[in-house]
Amino acid sequence: GDSVTQMEGPVTLSEEACLTINCTYTATGYPSLFWYVQYPGEGLQLLLKATKADDKGSNKGFEATYRKETTSFHLEKGSVQVSDSAVYFCAAGEAGTALIFGKGTTLSVSS
Amino acid sequence: DAGVIQSPRHEVTEMGQEVTLRCKPISGHNSLFWYRQTMMRGLELLIYFNNNVPIDDSGMPEDRFSAKMPNASFSTLKIQPSEPRDSAVYFCASSRPEGGSYNEQFFGPGTRLTVL
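Each protein sequence line maps, in turn, to chains A and R.
Take the first sequence: its position 58, counted from the start at 1, is 58 in the working numbering, and no numbers get skipped.
Take the second sequence: its position 66, counted from the start at 1, is 66 in the working numbering, and no numbers get skipped.
Hints were generated in silico from the structure; no laboratory data involved.
In this text, all values refer to a predicted model and were calculated from it rather than measured experimentally.
Where is the CB? At the ideal position from N, CA and C, for every residue including glycine.
Heads up, some of the hints might be wrong.
List of simulated lysine to aspartate or glutamate pairs, EDC-like, C-alpha gap at most 16 Å [said to hold, decoys possible]:
no., chain 1, residue 1, chain 2, residue 2
1, A, 77, A, 94
2, A, 52, R, 44
3, R, 78, R, 104
4, A, 103, R, 44
5, A, 68, A, 54
6, A, 77, A, 2
To give an idea of the interface, some chain A residues facing chain R are shown, with a C-beta separation under 7 Å as derived from the structure [claimed, not checked]:
no., residue
7, 39
8, 40
9, 47
Which bits of chain R does chain A cover? Going by a derived footprint, with three or more residues having C-beta under 8 Å, they are [as the list claims (entries may be wrong)]:
no., segment
10, 41-48
11, 108-115
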């Protein structure tokens, strides 16, 4: 079946460091891809998305590009802040179906 | 837009008691999802509805769990009888019809359930 695999954490960085969280997917169709973020004590929020190959999603300095040839959607940020500390979930899904989520990656940024 | 509303936010109960979690999706959304999140198992899809009809309940752990969506603006997840291993945060999410933002799901704040 379809699945999403993301790098296990926790990821611990200093403020202003570069971030990459890897995500790959397997799907029989052509899914849309998402990154969600969960701050402590809250529900998941959509961070960015891409709906077709080579699309780049971006928000709050985060970026991810839909790479169909490598079935990947890696999350990147050039300079992280303490406020970026959260759990990040990669997800994939086709219209009309439920999303498949990765297990989540905890990011901890220290000043 | 009030977002997805869940109640209660916190629930503490004793083993064997019935627990009912409630969710109000965003108006106009026709898909509703129930998830469970634990440290050990991460985020698990329990069941989802399209147009109030259950589409996939394969994630419901066992017969003690049941979910209903009597109308487009309300859903319940019931556990009867509850067990300590049901302790988790339960999230409800909703999304728009096809043709809108593909499968973008909007999550509620969650219900933290503790079964003693």
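Hint check results:
1. A/77 / A/94: Violated. Residue 77 of chain A to residue 94 of chain A sits at ~26 Å, over the 16 Å cutoff.
2. A/52 / R/44: With Cα atoms ~26 Å apart, residue 52 of chain A and residue 44 of chain R exceed 16 Å; violated.
3. R/78 / R/104: Violated, because 26 Å separates the two Cα atoms, which is more than 16 Å.
4. A/103 / R/44: OK: residue 103 of chain A and residue 44 of chain R at ~9 Å, within 16 Å.
5. A/68 / A/54: Answer holds: residue 68 of chain A to residue 54 of chain A is near 7 Å, not above 16 Å.
6. A/77 / A/2: Roughly 27 Å separates the two Cα atoms, so the pair is violated.
7. 39: Because about 11 Å separates residue 39 of chain A from the closest Cβ in chain R, which is outside the 7 Å limit, the hint is violated.
8. 40: 12 Å, violated
9. 47: 11 Å, violated
10. 41-48: holds (count 4)
11. 108-115: holds (count 3)
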